[in-house]
Amino acid sequence: MTTDIKSYTLLELNTYIKRVLALNFDNELWVRAEILNAAEKRGHYYLTLIQKSSVSNDIVAQLEAVVWASDFQRIKKENPDLVNFFTSGFEIMSHGQPVFHERFGLQFRISDINTEYARGALDRRKEELFNRIRTEGLDKINKTLPLPPAILRLAVISSENAAGYIDFVQHIEQNKFGLKFRITLLDSVMQGTSLEETISKSLNFIEKRKSEFDAVAIIRGGGSKVDLAAFDNYRLAMLIAHFPLPVITGIGHEIDVSAMDLAAGTSLKTPTAVAEFLINHNIAFLAEIDDRYRKILSGFSVSILVYKNAVEQATMFIRSTSSLLTDRLRHTVQLTMGKITSGSTAIVRDFRHTMQIAYRSLQLSDPQNILKKGYTLVFQNKDKISLKSDFKDDSNTTIYWADGKVTGKFKIEENE
Amino acid sequence: MKKMSKKATKTLTELLDELRQIQISVESGNIDIDQIPYLIQRATAIKEECEARLTDIDSIINAAGNKEV
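Chains A and B are the protein sequences, given in the same order. Numbering follows this note's numbering, with no gaps: position 203 of the first sequence is 773. Numbering follows this note's numbering, with no gaps: position 54 of the second sequence is 114.
If you're looking for bench data, these hints aren't it; they were derived computationally from the structure. Nothing here was measured: the structure is a model prediction, and the numbers come from that model. Treat the hints with caution; some may be incorrect.
[Stated by the list, open to error] Quick list of in silico lysine-lysine cross-link-like pairs, DSSO-like style, CA-CA up to 27 Å:
no., chain 1, residue 1, chain 2, residue 2
1, A, Lys865, B, Lys70
2, A, Lys611, A, Lys588
3, A, Lys750, B, Lys70
[What the hints assert, rightly or not] Distance windows between CB atoms, simulated:
no., chain 1, residue 1, chain 2, residue 2, range
4, A, Arg864, B, Thr115, 16 to 24 Å
5, A, Asn701, B, Ile84, 28 to 36 Å
6, B, Gly89, A, Leu895, 51 to 59 Å
7, A, Ile711, B, Ile96, 44 to 52 Å
8, B, Gly89, A, Thr705, 50 to 58 Å
9, B, Gln101, A, Lys710, 38 to 46 Å
10, B, Thr115, A, Ala639, 18 to 26 Å
11, B, Thr69, A, Gln621, 41 to 49 Å
12, A, Asn774, B, Ala112, 30 to 38 Å
Glycine included, every Cβ here is placed at the ideal spot set by N, Cα and C.
Just need the whole structure built from these sequences, with the hints factored in.
Spelled out as structure tokens, the structure:
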């Protein structure tokens with residue numbers, strides 16, 4: 571029964587497919603596709619090409635492709651940065667032919683790459699990425715972290731043997747101000763498809779030890795536009811934006827910025843510029859310290875001068891005041907002495923005058939003088955009789971005149 | 061101004077702030093003459109410590125920093 575059914579062996583089928591394909595694709599053609607992943611093996615580049623839905627972003631077509639080593643070397647002669655196009659997410663326009671191998675299946679054999687198209691695609695992709703970063707505010711977050719007043723402990727993400735890193739270290743070590751930095755290198759791949767993974771790991775390493783660092787620098791030497799396109803990476807931009815330490819980039823762009831630059835707190839052109847920035851930052855700190863110190867000393871000088879003047883003025887015041895007081899006191903004493911002197915003279919004079927008046931009064935009131943004026947004094951038993959009513963008849967009576975007295979008993983006779 | 065005690069492990073930010081406070085006090089004129097010697101001594105110590113930290117630190121180029129990654 572089964573012998574009646576017409577069937578093919580797998581090899582017959584594949585040979586048939588191969589023939590049909592060869593008949594329909596007898597010439598090479600240009601194909602636009604995005605690279606899902608790329609791998610190199612003995613100089614050959616194996617790519618997985620895909621196309622995504624413009625609506626859902628799902629993969630709607632997929633094909634394995636290969637660039638043989640000989641083709642790669644030929645294309646590279648005109649495009650030295652060719653390898654950088656073989657990066658996940660890159661869109662390329664490749665010239666080639668679909669071939670079918672009985673054992674290995676369908677494959678697109680690439681013989682040329684339209685690098686101009688790829689560069690244009692990179693620009694479009696970059697623009698979209700930048701718009702997304704700006705829309706999500708990732709370009710502002712790390713910039714809000716203040717740099718410490720001086721940066722001493724720096725984590726550097728770079729490649730140990732890269733010219734950019736060597737320049738950076740040399741510049742730092744030979745600074746003319748004698749500034750020192752503690753640099754910890756996180757040796758990372760700075761190009762190609764593994765860049766995202768190794769930089770992410772380095773950032774995670776630093777984040778776990780964030781208290782040991784003041785800032786992070788991501789540096790890489792120069793490179794072509796395509797060479798540096800790997801730094802236009804959304805995931806890395808997001809990590810940098812949310813990183814707990816200030817991030818400084820010097821990725822080697824002279825006229826352009828990458829997504830990582832956009833997200834970094836400080837973006838500089840080259841590793842040397844980063845070294846200069848760090849040196850200037852620390853010099854500015856020392857200058858501020860020196861300036862404040864000078865102002866403090868100057869302020870103290872003013873204060874001391876003010877105090878000195880105040881003390882001098884107080885001293886002068888006390889001196890002048892005491893002198894014035896002495897003068898015043900002396901004057902007062904003199905016045906008092908004068909008053910006392912003149913006062914005593916007056917008192918004596920007054921006293922003398924009073925005494926003279928008193929003496930004169932005494933003279934005037936002397937009974938003898940009064941008797942001389944014709945008056946008499948009448949005494950009865952030693953009592954002076956001044957009133958008629960006091961006179962007692964027939965009592966011992968003495969009557970005094972200025973020139974003598976009469977003693978006897980007298981009787982008042984009433985006679986009008 | 062209250063006298064501040066010196067901490068051995070002050071950060072550069074703290075040292076700068078302390079210097080700023082001394083400057084503010086001096087410039088405001090609100091300062092007791094008795095404090096001047098101490099504040100001059102403290103400002104000098106801060107300046108010297110900052111300079112020392114920026115120039116005396118050992119430069120360690122640790123190429124194996126991420127071996128634990």
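Numbered hints the structure breaks, given as an ascending list: Going through the list in order, the structure violates hints 5, 6, 10, 11 and respects the others.
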